[in-house]
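Going by this note's numbering, 71 is the number at position 71 of the sequence shown; the sequence numbering is gapless.
For the record, the hints were derived by calculation from the structure and aren't laboratory data.
No residue lacks a Cβ here, since even glycine has one placed at the ideal position from N, Cα and C.
A couple of the hints might just be wrong.
What the hints assert, rightly or not - Each pair of labels, with its calculated beta carbon distance range:
{"#": "1", "residue 1": "A64", "residue 2": "I15", "range": "24 to 30 Å"}
{"#": "2", "residue 1": "I91", "residue 2": "A32", "range": "21 to 27 Å"}
{"#": "3", "residue 1": "E40", "residue 2": "H20", "range": "26 to 32 Å"}
{"#": "4", "residue 1": "P10", "residue 2": "Q66", "range": "26 to 32 Å"}
{"#": "5", "residue 1": "M27", "residue 2": "E81", "range": "15 to 21 Å"}
{"#": "6", "residue 1": "K22", "residue 2": "D49", "range": "39 to 45 Å"}
{"#": "7", "residue 1": "Y59", "residue 2": "S4", "range": "37 to 43 Å"}
{"#": "8", "residue 1": "E35", "residue 2": "A11", "range": "32 to 38 Å"}
{"#": "9", "residue 1": "Q14", "residue 2": "I92", "range": "31 to 37 Å"}
{"#": "10", "residue 1": "E86", "residue 2": "A11", "range": "45 to 51 Å"}
{"#": "11", "residue 1": "E35", "residue 2": "T79", "range": "28 to 34 Å"}
{"#": "12", "residue 1": "K22", "residue 2": "D51", "range": "40 to 46 Å"}
{"#": "13", "residue 1": "Q16", "residue 2": "A95", "range": "20 to 26 Å"}
{"#": "14", "residue 1": "I98", "residue 2": "I15", "range": "23 to 29 Å"}
Claimed, not checked - Within a straight-line C-alpha distance of at most 20 Å, the following computed EDC-like cross-link-like pairs (lysine to aspartate or glutamate) qualify:
{"#": "15", "residue 1": "K39", "residue 2": "E12"}
{"#": "16", "residue 1": "K39", "residue 2": "D51"}
{"#": "17", "residue 1": "K39", "residue 2": "E23"}
{"#": "18", "residue 1": "K39", "residue 2": "D49"}
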Amino acid sequence: MNESCPVLTPAERQIQDLLHRKEAAMMATIHAALERTSKEVAEAFQAADSDMQPPPHDYFAAVAHQQLFLMLCGANPETFEGGDPEIAGHIIRNAQNISDHYFKKKPAAADVPGE
Numbered sequence: 001m002n003e004s005c006p007v008l009t010p011a012e013r014q015i016q017d018l019l020h021r022k023e024a025a026m027m028a029t030i031h032a033a034l035e036r037t038s039k040e041v042a043e044a045f046q047a048a049d050s051d052m053q054p055p056p057h058d059y060f061a062a063v064a065h066q067q068l069f070l071m072l073c074g075a076n077p078e079t080f081e082g083g084d085p086e087i088a089g090h091i092i093r094n095a096q097n098i099s100d101h102y103f104k105k106k107p108a109a110a111d112v113p114g115e
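Produce the complete structure using the sequences and hints provided.
So, in structure tokens, the structure goes:
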């Protein structure tokens with residue numbers, strides 16, 4: 001049996017499908033909140049006749065990312081204190097692994113020395 005890709009039972013498949021649907025709905029809610037917040041802040045800046053540029057959309061995504069990181073580490077979201085450094089390290093390594101695996105260009109076989 002291939003342990004890296006097991007065949008799911010009907011009950012396991014049902015749970016997996018439920019999780020995928022709920023995760024997709026959660027991410028849609030998050031994306032909508034980011035869009036709404038970015039738009040509302042831009043409108044508020046304009047209504048205030050501000051000469052300053054409103055923060056870009058990615059600013060709000062970064063705020064959410066930071067708050068979720070603090071939550072996962074168990075840190076106080078206002079003071080950033082009290083988090084578990086071991087969990088923080090695991091999260092950071094996970095992000096680095098994603099970057100290394102998916103974002104870094106891999107040399108073509110002809111470019112790899114010794115091949």
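| task | For the range 26 to 32 Å, tell me whether the beta carbons of E40 and H20 fit it or not. | result | Hint holds: Cβ distance 30 Å, inside 26 to 32 Å.
| Assessment of proposed distance window 24 to 30 Å (beta carbons of A64, I15) | holds (27 Å)
| message | Hinted pair, alpha-carbon criterion (20 Å max): K39, E12. Please report holds or violated. | response | violated (40 Å)
| query | Measuring from beta carbon to beta carbon, are K22 and D49 in 39 to 45 Å? | reply | Holds, since K22 and D49 (Cβ atoms, about 43 Å apart) stay within the stated range.
| said: Can you confirm whether the C-alpha distance between K39 and D51 stays at or below 20 Å? | reply: Holds - the C-alpha atoms of D51 and K39 are around 17 Å apart, at most 20 Å.
| message | Run the distance test for K39 versus E23: straight-line Cα separation, threshold 20 Å. | response | violated (24 Å)
| message | Just to be sure I understand the hint, the distance between the Cβ atoms of K22 and D51 should be within 40 to 46 Å; is that true here? | response | holds (43 Å)
| Within 31 to 37 Å or not, the Cβ separation of Q14 and I92? | holds (34 Å)
| Hint check for A95 and Q16 - Cβ pair distance inside 20 to 26 Å | Holds: the Cβ-Cβ distance is about 24 Å, inside 20 to 26 Å.
| Has the hinted range 21 to 27 Å been met by the Cβ atoms of I91 and A32? | At roughly 25 Å between Cβ atoms, A32 and I91 fall inside 21 to 27 Å, so the hint holds.
| message | The hint says 45 to 51 Å between E86 and A11; measuring C-beta to C-beta, is that right? | response | violated (34 Å)
| request: Could you tell me whether the CB distance from E35 to A11 stays inside 32 to 38 Å? | output: The hint (32 to 38 Å, Cβ to Cβ) holds, given that E35 and A11 are roughly 37 Å apart.
When each numbered hint is compared with the structure, violations occur for hints 4, 5, 10, 15, 17.
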